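Enquirer: Chains as they are written, first to last, in the numbering used here: chain A, 1 to 490; chain B, 491 to 686.
Treat the hints as calculated values from the structure; they're not laboratory data.
Some hints here could point you the wrong way.
[As the list claims (entries may be wrong)] Taking CB as the label site, the calculated pair distances span:
1. Leu394/A / Ala525/B: 49 to 59 Å
2. Leu675/B / Phe348/A: 33 to 43 Å
3. Gly635/B / Gly110/A: 40 to 50 Å
4. Ala103/A / Cys540/B: 17 to 27 Å
5. Arg11/A / Leu675/B: 15 to 25 Å
6. Lys577/B / Leu152/A: 47 to 57 Å
[As the list claims (entries may be wrong)] Chain B stretches covered by chain A per the calculated footprint, using a threshold of three residues with CB under 8 Å from any CB of chain A:
7. 515 to 525
8. 601 to 611
9. 634 to 647
10. 652 to 659
11. 668 to 679
Note that this is a predicted model, so its numbers are computed, not measured.
C-beta: ideal position from N, C-alpha, C; glycine also.
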Amino acid sequence: MSARLRRLGRRLPRAGWLCLAVALLNGFAWSLITPPFQVPDEISHVAYVQYLAETGDAPRHVAGDYMSAEERQTLEALRFFSVVGQGANRPVWTAAEQQGVDAVDAADPGRVSDGSSSTAVNNPPLFYALQTVPYELASGGSLLDRLFAMRLLSVLLSALTVLCVFLFLREVFPRSPWAWATGALAVAFQPLFGFISTGVNNDSGLFLASAFLFWMLARSLRDGLTRRRGLAIGLAVGLGLVTKLTFVAFAPAAGLALLALALRSEPGRRRVAVEAVAIAAAAAAVPLIVYLGLNELWDRQVFGALVGSEAVQYDGRPGSIREELSYIWQLYLPRLPFQADMFAGEAFRTVWLNGLIGRFGWLDYGFEAWVYDLGFGIAIAIAVLAAIGALRALSLLRARWIELAVYGLAVAGLAVIIGHPGYSSRIGAPYPFEQARYLLPLLPLYAGVLVLAARAAGSRWAPTVGALLVVIAATHSVFAQLITLARYYG
Amino acid sequence: MRASIVGVAVVAAACFLLVVLSGSEPRRSGTDNIAPAGVALKLAPGQRACQAENVPDDTARVALAGAPAAGGTQAARLTVAVERDGKVVTRGRPAGLTADGRVDVALASTPPAGPADLCVRNDDRQPLTLLGAPEVFAVDYYRAGDESWWRVAPAVADRFELGKAGFLGPWALWLALAAVVAAWLAAGWALRGDPR
Numbered sequence: 001m002s003a004r005l006r007r008l009g010r011r012l013p014r015a016g017w018l019c020l021a022v023a024l025l026n027g028f029a030w031s032l033i034t035p036p037f038q039v040p041d042e043i044s045h046v047a048y049v050q051y052l053a054e055t056g057d058a059p060r061h062v063a064g065d066y067m068s069a070e071e072r073q074t075l076e077a078l079r080f081f082s083v084v085g086q087g088a089n090r091p092v093w094t095a096a097e098q099q100g101v102d103a104v105d106a107a108d109p110g111r112v113s114d115g116s117s118s119t120a121v122n123n124p125p126l127f128y129a130l131q132t133v134p135y136e137l138a139s140g141g142s143l144l145d146r147l148f149a150m151r152l153l154s155v156l157l158s159a160l161t162v163l164c165v166f167l168f169l170r171e172v173f174p175r176s177p178w179a180w181a182t183g184a185l186a187v188a189f190q191p192l193f194g195f196i197s198t199g200v201n202n203d204s205g206l207f208l209a210s211a212f213l214f215w216m217l218a219r220s221l222r223d224g225l226t227r228r229r230g231l232a233i234g235l236a237v238g239l240g241l242v243t244k245l246t247f248v249a250f251a252p253a254a255g256l257a258l259l260a261l262a263l264r265s266e267p268g269r270r271r272v273a274v275e276a277v278a279i280a281a282a283a284a285a286v287p288l289i290v291y292l293g294l295n296e297l298w299d300r301q302v303f304g305a306l307v308g309s310e311a312v313q314y315d316g317r318p319g320s321i322r323e324e325l326s327y328i329w330q331l332y333l334p335r336l337p338f339q340a341d342m343f344a345g346e347a348f349r350t351v352w353l354n355g356l357i358g359r360f361g362w363l364d365y366g367f368e369a370w371v372y373d374l375g376f377g378i379a380i381a382i383a384v385l386a387a388i389g390a391l392r393a394l395s396l397l398r399a400r401w402i403e404l405a406v407y408g409l410a411v412a413g414l415a416v417i418i419g420h421p422g423y424s425s426r427i428g429a430p431y432p433f434e435q436a437r438y439l440l441p442l443l444p445l446y447a448g449v450l451v452l453a454a455r456a457a458g459s460r461w462a463p464t465v466g467a468l469l470v471v472i473a474a475t476h477s478v479f480a481q482l483i484t485l486a487r488y489y490g
Numbered sequence: 491m492r493a494s495i496v497g498v499a500v501v502a503a504a505c506f507l508l509v510v511l512s513g514s515e516p517r518r519s520g521t522d523n524i525a526p527a528g529v530a531l532k533l534a535p536g537q538r539a540c541q542a543e544n545v546p547d548d549t550a551r552v553a554l555a556g557a558p559a560a561g562g563t564q565a566a567r568l569t570v571a572v573e574r575d576g577k578v579v580t581r582g583r584p585a586g587l588t589a590d591g592r593v594d595v596a597l598a599s600t601p602p603a604g605p606a607d608l609c610v611r612n613d614d615r616q617p618l619t620l621l622g623a624p625e626v627f628a629v630d631y632y633r634a635g636d637e638s639w640w641r642v643a644p645a646v647a648d649r650f651e652l653g654k655a656g657f658l659g660p661w662a663l664w665l666a667l668a669a670v671v672a673a674w675l676a677a678g679w680a681l682r683g684d685p686r
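With these hints in hand, go ahead and build the complete structure from the sequences.
Expert: See below:
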């Protein structure tokens, strides 16, 4: 009876449903506001879905066009190639231009491409397989109809991400119910998250998988490891890996958590914990094995993406491990005196912070310069408050040092996974690799830092400060949507 | 107390939003999406060049990227004409420079929207360089005067539904804005009271 009551007591609170609703509504707005294909790499992701839906095969490294005639002609009619990356240019604005778009649909050009290399070719197929469902449901309409249907699925994934953040915070701050909605709403209104995750981009699947993993890790580290939680953790890792291989960044953290939980379990629960670890390992392995098998079936490189083969090879200069380590350090931290300057300025601010404040489209528009300065000031204030909040809870944090180590390892893993191809791009490719959205799998921790910042105000004022942070986040989101309207329609 | 403080913050945000939306500046009616990246044409004194354009609705001014060969920041001496079937529909002369340094040409009247020839004649005594792509000069079209976002909202709504899923209509922009307002209301509800 008490277990049943516990289950009932842990059902989703009303605030959780409301946070889900906020994310759905705000995400829906973003999916409408952002013109088709103006989310980074959306052309490649749509091409992947279309090829998979139309042929049952995944694209691979072969010669030819990765886009179908339908997609290419639609992009040309939309003026995509003159708009993308050109902040002064505009998409279809007149009835005459719209007629060109309608003419492409009326001509019904081919929907099957050559299935060749694009920026998405190395991606595993899970996200794209899910997207074939809305694609097929809207298959009677134009490509733009199908794109909108696919974006609605992305909106759903982004909303579930916010829900997982809410549940993660409920585990981490169980005695602070105000914190759950505060952090979840701050994520729901984060503009870069709203913009990216509501386009057709496998990042929306990655964000959900990582948020779910963080929730399950927090739940297990608080309440202990059970077979079901082991299964959930393993599935999160396995399905995350076959959504986007970046997810490998979190495998060490998941492994550390499982190991710690097994070793620290009470003697009476040791057997269950060990079984749970085995179940987690199997649950993580199964999707990966299926993926490798599908690669064999589809005549794709079986391990290619796992070892980082690039869609396009560049001839660059040779690098070194020492230089790469220096690069990865400078990507996130201030340059040390003995290091060569690899970024001409602090990458933390120019790449990450300014990107999280807002660089949208294919990185071709953003706010005015003063907004980034203001955002820097707010970020510093939040960091200081979070440090104070952490100091106030030092004894609690000390008791949960293993949990903190797991999160720290997750951050370090992602930092390296981003830094490695970034370095390869620096010495070889003609464009920079890093984008702020690559940090968004850490959204649960971002929400946790905001909650810590609010807690610095003390137990009486923390809910108020938290609510003010949400107002700031929501205002930030509205202005990001307004500059998007201005960029494409004004 | 918390509701009052948060309410003040929301009102402040709304006021800032109103101020931003109320700011007036020149608004474009369209563009040919040609970046002024290089030399498109060089017109000798008295020479004329025309190119096929799609003149947008509500066009009162045309902005060209160009300068006399001698350089300088003054607007070039030229005449712009909008022609259809060989007949001049309207013409204009430079009225200054736009904020991004283009030659701002005020048309005598607003031409009807649709395909037309945009012709530029060099009235200066020195060569005129028009910038754009090879053989195609860059053109931006502007509405009359300076306008706030409130004033241009109907035009934004008309553009918003274009190039999107076919079932979206002129109401799509208002639907997006309604979703944002509903998100704010739901967030307020989530933050108040016992979230258990």
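Enquirer: Next, verify each hint and record whether it holds.
Expert: Each hint tested on the structure:
Between Leu394/A and Ala525/B the CB atoms are about 56 Å apart, so this pair conforms to the stated range of 49 to 59 Å. Between Leu675/B and Phe348/A, the C-beta spacing of about 36 Å keeps the proposed range 33 to 43 Å intact. For the hinted restraint 40 to 50 Å between Gly635/B and Gly110/A, the CB-CB distance of approximately 47 Å keeps it satisfied. Distance hint check for Ala103/A and Cys540/B: the Cβ-Cβ separation is about 26 Å, which falls inside the suggested range of 17 to 27 Å.
Between Arg11/A and Leu675/B the beta carbons are some 24 Å apart, a value that agrees with the proposed interval 15 to 25 Å. For the pair Lys577/B and Leu152/A, the supplied restraint of 47 to 57 Å holds, since their beta-carbon distance comes to about 49 Å. Taking a C-beta to C-beta cut-off of 8 Å, the segment 515 to 525 of chain B contributes 7 residues in contact with chain A, enough for the three needed, and the coverage statement holds. Counting residues of the segment 601 to 611 of chain B whose beta carbon lies closer than 8 Å to any beta carbon of chain A gives 3, which meets the minimum of three for the stated coverage.
Only residues whose beta carbon comes within less than 8 Å of a beta carbon in chain A count, and the segment 634 to 647 of chain B has 3; three or more means the coverage holds. Counting residues of the segment 652 to 659 of chain B whose beta carbon lies closer than 8 Å to any beta carbon of chain A gives 7, which meets the minimum of three for the stated coverage. Under the rule that three or more residues need a Cβ within less than 8 Å of chain A, the assignment of the segment 668 to 679 of chain B holds, with 8 such residues.
In summary, the structure agrees with every hint in the numbered list given earlier.
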